[in-house]
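Chemist: Sequence:
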Amino acid sequence: MDIRKQEIPADIVHDIFIRLRAKSLMRFRSISKNWCNTIDSFPFANKHISTRVAADEEPELLPLSYFPGVATGNEHSFIYDGNVIKESDIPILEFSKDGNYVHNVAYGLLCFQNRNFLGRELFLCNPVRGEFLKLPQPLPATLGNELYYEVMAWYGIGFDSTTNSYKIIQVRSFPTCINGFPDWFLDRNFESQVYTLGTHSWRLISSSVSLSSQVRGVSANGDMHWLNWNNKIEQASITSFDFKKEEFMETPLPNFGYKQHYKKNLLINLKGFLAIVSFPSDQYIDIWVLKDYENKEWAREYRISTQVWAREQDNTCVIRSDLCFWENKNFSVGVCSNGLFLEAYSYSRIFVVDLITNRIWYMECPKSYRSFGRTLFSYTGSVLSLRNFGN
711 MDIRKQEIPA
721 DIVHDIFIRL
731 RAKSLMRFRS
741 ISKNWCNTID
751 SFPFANKHIS
761 TRVAADEEPE
771 LLPLSYFPGV
781 ATGNEHSFIY
791 DGNVIKESDI
801 PILEFSKDGN
811 YVHNVAYGLL
821 CFQNRNFLGR
831 ELFLCNPVRG
841 EFLKLPQPLP
851 ATLGNELYYE
861 VMAWYGIGFD
871 STTNSYKIIQ
881 VRSFPTCING
891 FPDWFLDRNF
901 ESQVYTLGTH
911 SWRLISSSVS
921 LSSQVRGVSA
931 NGDMHWLNWN
941 NKIEQASITS
951 FDFKKEEFME
961 TPLPNFGYKQ
971 HYKKNLLINL
981 KGFLAIVSFP
991 SDQYIDIWVL
1001 KDYENKEWAR
1011 EYRISTQVWA
1021 REQDNTCVIR
1031 SDLCFWENKN
1041 FSVGVCSNGL
1051 FLEAYSYSRI
1061 FVVDLITNRI
1071 WYMECPKSYR
1081 SFGRTLFSYT
1091 GSVLSLRNFG
1101 N
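Each residue of the sequence shown is one higher than the last, beginning at 711 in our numbering.
Do not rely on the hints blindly, as some may be mistaken.
Listed below are the simulated SDA-like cross-link pairs for lysine to any residue, each with C-alpha atoms no more than 25 Å apart in a straight line [unchecked claim]:
| hint | residue 1 | residue 2 |
| --- | --- | --- |
| 1 | K954 | S883 |
| 2 | K1001 | P962 |
| 3 | K981 | R731 |
| 4 | K757 | Y811 |
DEER-style ranges, computed between Cβ atoms [what the hints assert, rightly or not]:
| hint | residue 1 | residue 2 | range |
| --- | --- | --- | --- |
| 5 | S917 | Y968 | 32 to 38 Å |
| 6 | N1005 | P719 | 27 to 33 Å |
| 7 | S760 | I722 | 35 to 41 Å |
| 8 | T873 | D1032 | 52 to 58 Å |
| 9 | M862 | Y968 | 28 to 34 Å |
| 10 | S917 | Q847 | 19 to 25 Å |
| 11 | R729 | A1009 | 32 to 38 Å |
The hints are simulated quantities; they were obtained by calculation from the structure and are not laboratory data. All C-beta atoms in this analysis are idealised placements derived from N, C-alpha and C, irrespective of residue type, glycine included.
Please construct the entire structure, taking both the sequences and the accompanying hints into account.
Modeler: Encoded structure:
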């Protein structure tokens, strides 16, 4: 018997594929029709998404648009390899010349708006597959005028495990109108709607919530989360959206044991878990992880000194006493291999919080890294095909 003609059993192929990176799988699609069908199947893509998080696939950093209209042309990703930050050899995606605004990155998908003279169109993109999906227009406003400068909207991607479907939540706010004109001094109105991928329209839901204007959402545990601030009671909270129940809920904050400055806390997805980066003093930072999502039990997983380290040209490690980590007022955060990538707005400095060495490293970025007008997203590739949900 010629063993070269024997096919590898399908279950063994499946077990191997589930552990590989999305970019590798996309190359293997061309080897055989059976392999292509396996990789393209919806059940495989779902399992691969959950497995690759547990396998700690190396996330890529995407510095994308913070202000509307900034994301245009080729966009490269950046990877921290444990020593330096490297730019991808080829662009991870290419935007049109019209202004684009990225709302959320999750499950290997980017949710963004294209803002051109025709209006605001909403898209999903899978960069690994090079696929784009234009989404239906959200339902018309019911609480006010839907003029560009009068509406603020937040979007988030989630997974409903009860129906095995992906969904998008939109929360939008409107000013209170008096005699047909917006009154910006009155409280804003909020409403929410949900879109299930593969369907034809959005659905208004009865559950809604008030969000802070600058809040940015994080997808974790299948749901969407925002670190929110209530001006009336001057209190921070985590507002979560349950995609299974299609309801908003409050996820309790950790019992920090010390006074917190809300604006210095950062909400992240750390290896599939919801987590908070906390700045309790000028001596160290803490990372709290919601290990038990059902019972909402937090644990402080890391406490790291704010002493800043750097690598010299001869690869020796030195303490940079001239760099004060604590003086940076605000950070943009992304999750990278082995830790966190923090960009300081105030001084345009880049730090990597390495969770292997438990050190904060000052990093030099490639000259192509553009920080102005951008915020950081963490991206991990997915083989989920948008063709499952439309043309």
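Chemist: Against this structure, judge whether each hint is valid.
Modeler: Against the structure, the hints:
1. K954 x S883: holds, 23 Å
2. K1001 x P962: holds, 13 Å
3. K981 x R731: holds, 15 Å
4. K757 x Y811: Distance of about 29 Å is beyond 25 Å: violated.
5. S917 x Y968: 32 to 38 Å: Given a distance of about 33 Å, which is inside 32 to 38 Å, the answer is holds.
6. N1005 x P719: 27 to 33 Å: Given about 40 Å between the Cβ atoms, the range is violated.
7. S760 x I722: 35 to 41 Å: violated, 20 Å
8. T873 x D1032: 52 to 58 Å: 55 Å Cβ-Cβ, so the 52 to 58 Å window holds.
9. M862 x Y968: 28 to 34 Å: holds, 33 Å
10. S917 x Q847: 19 to 25 Å: holds, 22 Å
11. R729 x A1009: 32 to 38 Å: violated, 27 Å
Against the hints set out earlier in the document, violations occur for numbers 4, 6, 7 and 11.
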